[in-house]
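Line by line, the protein sequences give chains C and Y. All residue numbers for the first sequence refer to full-length UniProt numbering, where the first residue is 1 and numbers rise by one. All residue numbers for the second sequence refer to full-length UniProt numbering, where the first residue is 1 and numbers rise by one.
Hints are computed from structural coordinates only; laboratory data are not their basis. Note that beta-carbon positions come from the ideal geometry of N, C-alpha and C, so glycine has one too. Treat the hints loosely; a few may be bogus.
Distance ranges between label pairs, derived from CB positions [as the list claims (entries may be wrong)]:
#, chain 1, residue 1, chain 2, residue 2, range
1, C, V160, Y, G14, 52 to 62 Å
2, C, R122, Y, V16, 57 to 67 Å
3, C, S202, Y, A217, 28 to 38 Å
4, Y, P301, C, Q218, 51 to 61 Å
5, Y, N163, C, R221, 25 to 35 Å
6, C, L115, Y, N163, 29 to 39 Å
7, C, P132, Y, N163, 40 to 50 Å
8, C, P203, Y, K101, 20 to 30 Å
9, C, S202, Y, V16, 44 to 54 Å
10, C, L115, Y, N68, 23 to 33 Å
11, Y, N163, C, R122, 47 to 57 Å
12, Y, N68, C, I110, 27 to 37 Å
13, C, R221, Y, D128, 16 to 26 Å
14, C, I231, Y, R182, 37 to 47 Å
The following residues of chain C were derived to be distant from chain Y, with all beta-carbon distances above 12 Å [stated by the list, open to error]:
#, residue
15, R60
16, G69
17, I297
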Amino acid sequence: MTDHAGTAGRAPAPPSFLSRLGQSRNALGLAFMLPAGVFLICFLAYPLGLGVWLGFTDARIGRTGQFIGLENYQFLWIDAVFWLSVFNTLLYTITASILKFGLGLWLALILNQHLPFKAFFRAIVLLPWVVPTVLSGIAFWWIYDSQFSIVSWSLIKLGVIDHYINFLGEANMARASVIAANVWRGIPFVAISLLAGLQTISPSLHEAATLDGATPWQRFRYVTLPMLSPIISVVMTFSVLFTFTDFQLIYVLTKGGPVNATHLMATLSFQRAIPGGQLGEGAAIAVAMIPFLLAAILFSFFGLQRRKWQQGGSD
Amino acid sequence: MASVQIRDVRKSFGAVSIIKGVDVEIREGEFVILVGPSGCGKSTLLRMIAGLEHITSGDILIGDRVVNNVPPKERDIAMVFQNYALYPHMKVADNMAFSLKLRKAPQSEIDQRVKRAAEILSLTPLLDRYPRQLSGGQRQRVAMGRAIVRDPQVFLFDEPLSNLDAKLRVQMRTEIKELHQRLKTTTVYVTHDQIEAMTMADKIVVMHDGIVEQVGAPLELYDRPANLFVAGFIGSPAMNMLKGKIKAGNPATFVANDGTTLPLAVVPAGSDGRPAVFGIRPEHVRLDPNGQPAKVVVTEPTGAETHVVVHFAGQEMTCVFRERIAARPGDTLTISVDPSVTHLFDAESGLRL
Numbered sequence: 001m002t003d004h005a006g007t008a009g010r011a012p013a014p015p016s017f018l019s020r021l022g023q024s025r026n027a028l029g030l031a032f033m034l035p036a037g038v039f040l041i042c043f044l045a046y047p048l049g050l051g052v053w054l055g056f057t058d059a060r061i062g063r064t065g066q067f068i069g070l071e072n073y074q075f076l077w078i079d080a081v082f083w084l085s086v087f088n089t090l091l092y093t094i095t096a097s098i099l100k101f102g103l104g105l106w107l108a109l110i111l112n113q114h115l116p117f118k119a120f121f122r123a124i125v126l127l128p129w130v131v132p133t134v135l136s137g138i139a140f141w142w143i144y145d146s147q148f149s150i151v152s153w154s155l156i157k158l159g160v161i162d163h164y165i166n167f168l169g170e171a172n173m174a175r176a177s178v179i180a181a182n183v184w185r186g187i188p189f190v191a192i193s194l195l196a197g198l199q200t201i202s203p204s205l206h207e208a209a210t211l212d213g214a215t216p217w218q219r220f221r222y223v224t225l226p227m228l229s230p231i232i233s234v235v236m237t238f239s240v241l242f243t244f245t246d247f248q249l250i251y252v253l254t255k256g257g258p259v260n261a262t263h264l265m266a267t268l269s270f271q272r273a274i275p276g277g278q279l280g281e282g283a284a285i286a287v288a289m290i291p292f293l294l295a296a297i298l299f300s301f302f303g304l305q306r307r308k309w310q311q312g313g314s315d
Numbered sequence: 001m002a003s004v005q006i007r008d009v010r011k012s013f014g015a016v017s018i019i020k021g022v023d024v025e026i027r028e029g030e031f032v033i034l035v036g037p038s039g040c041g042k043s044t045l046l047r048m049i050a051g052l053e054h055i056t057s058g059d060i061l062i063g064d065r066v067v068n069n070v071p072p073k074e075r076d077i078a079m080v081f082q083n084y085a086l087y088p089h090m091k092v093a094d095n096m097a098f099s100l101k102l103r104k105a106p107q108s109e110i111d112q113r114v115k116r117a118a119e120i121l122s123l124t125p126l127l128d129r130y131p132r133q134l135s136g137g138q139r140q141r142v143a144m145g146r147a148i149v150r151d152p153q154v155f156l157f158d159e160p161l162s163n164l165d166a167k168l169r170v171q172m173r174t175e176i177k178e179l180h181q182r183l184k185t186t187t188v189y190v191t192h193d194q195i196e197a198m199t200m201a202d203k204i205v206v207m208h209d210g211i212v213e214q215v216g217a218p219l220e221l222y223d224r225p226a227n228l229f230v231a232g233f234i235g236s237p238a239m240n241m242l243k244g245k246i247k248a249g250n251p252a253t254f255v256a257n258d259g260t261t262l263p264l265a266v267v268p269a270g271s272d273g274r275p276a277v278f279g280i281r282p283e284h285v286r287l288d289p290n291g292q293p294a295k296v297v298v299t300e301p302t303g304a305e306t307h308v309v310v311h312f313a314g315q316e317m318t319c320v321f322r323e324r325i326a327a328r329p330g331d332t333l334t335i336s337v338d339p340s341v342t343h344l345f346d347a348e349s350g351l352r353l
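Using the sequences provided together with the hints, build the complete structure.
Written out as structure tokens, the structure is:
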């Protein structure tokens, strides 16, 4: 009996280290975060860090670089091709983004109407986005081909022009061509996202505005557009980031030509680093993109801050 | 202010007929409530008056003008939506001023009208807020303010109180009624809540399955429902319906299916043996020591009155007593009904006899 009383009175044995670990919220949290953390460090943080470091070295393929400070950047500062690529990138990004926004919004507004075969059209619109970029790049390459271009062929048959257009052979034509291809590819993202935004706008708001005497244009201007503005800023930020860092389309269509007229910073960076072998210089060009991207992100960060009217309750 | 006339209006979506020939006459300044269960077409009818839905056939007149093909903004009506439909990105003042701004009214007139509407609805301290920052009742008032500012011919309300909690609903009911008494603008109000209809309306239009079942003043519908549908829809708790036959005699009686006999006041001639439905409102059942026995199933004391479900004449029947009842389930009460407040309907057609 005394034995029993003794056992019962004793405090229970302290839990083992493992079972305490299993109970700890922090340990559990760490365990769940670890896979994602390892992934991000290996495939995002490390390459970025390495890229920045390479930008400060004279590394070439097959040779570890020496630290040379800002020499790569000093060289780029006086490199006309680099500045041309900056100009091309800005032109490409700004023009394509404006076109994608305008056409995407227009398409979203159309798809938001009650159309026959609505679901079918919505699915069709996504196609350019679903097709792998390289594949659509190759398709556009054929469309723009100087001898087999279907556009030129059609225009000639229609009697609009009398010789084949040299789409990718002339500087401004090439720029317009790659922008057109990028716009074609980028519209679905903008259109479908804005369509999702449009569908969150209650139809009764439009009805109320109709009863208030608003014309269709006024309804768009005073109801649709302001209510869509938060999603517009998100979508356009992403669109600008995607466009600015574009590589595949250019690489397939022109490889930066003719005479660097369509070289973007991304393609120039690759061109210098891999085929050119100047890893350090290529990395420096890639790093030079960061300030632009950061500016776009900061712009969206402040632009995306919730509008006053979206805030709830407290005043 | 204007009258509204609805003449044999029909509406179908494809092969589905939603409104099957409705005639309603709304006089100037009247407060008319369209009431009915979900899907009866009441909201569609209101939206047709607003011009938000096309009319398949028939005519709608606002004032003396047929408005079938008049666009909504030229009908001079204002509508309060169930979800209020306030523009979330505009402050309260801008919400109310929107229609005037579109109309290009001078700023001084806009300010003055918004100020007046805000005073009527005690919204003045809220004019600088966004809809998100308002409570449900305040949003409701802003929606009404937006309607008042326009000073329209007709106000349309589409279930405006159904998003509010019970207490606020009672309060807003009173406010809307006061507003109508003050502005005297013709009002068409849609609700599925018969209590709202009874308390607020000058005239109630009971709709069911796309037709008008009965039009009348609230108490008229309560006292003399034209058919079984109206009898069951108006009044809470709902009227008890006993099935049976009429037995002529002096006095005539109603014999329920289980043989229970109930007195009848007046019986149309030649209706001996006719299958009928005997209607008695729960509040018209009385406790009577000399009455008929009824077995208590459930008692629900509400304080002011006691709801008792009893087993009577072969079915369950709800009674409302002003007295406090101590009976427990299984006990027997003795009850009687006053023949002057009972209702008799034809079993087949459902029409009042």
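Right, here's what the structure says about each hint:
no.: 1; hint: C/V160 x Y/G14: 52 to 62 Å; result: violated, 46 Å
no.: 2; hint: C/R122 x Y/V16: 57 to 67 Å; result: violated, 26 Å
no.: 3; hint: C/S202 x Y/A217: 28 to 38 Å; result: holds, 36 Å
no.: 4; hint: Y/P301 x C/Q218: 51 to 61 Å; result: holds, 57 Å
no.: 5; hint: Y/N163 x C/R221: 25 to 35 Å; result: holds, 29 Å
no.: 6; hint: C/L115 x Y/N163: 29 to 39 Å; result: holds, 32 Å
no.: 7; hint: C/P132 x Y/N163: 40 to 50 Å; result: holds, 48 Å
no.: 8; hint: C/P203 x Y/K101: 20 to 30 Å; result: holds, 22 Å
no.: 9; hint: C/S202 x Y/V16: 44 to 54 Å; result: violated, 24 Å
no.: 10; hint: C/L115 x Y/N68: 23 to 33 Å; result: holds, 26 Å
no.: 11; hint: Y/N163 x C/R122: 47 to 57 Å; result: violated, 31 Å
no.: 12; hint: Y/N68 x C/I110: 27 to 37 Å; result: holds, 29 Å
no.: 13; hint: C/R221 x Y/D128: 16 to 26 Å; result: holds, 23 Å
no.: 14; hint: C/I231 x Y/R182: 37 to 47 Å; result: holds, 42 Å
no.: 15; hint: R60; result: holds, 56 Å
no.: 16; hint: G69; result: holds, 51 Å
no.: 17; hint: I297; result: holds, 25 Å
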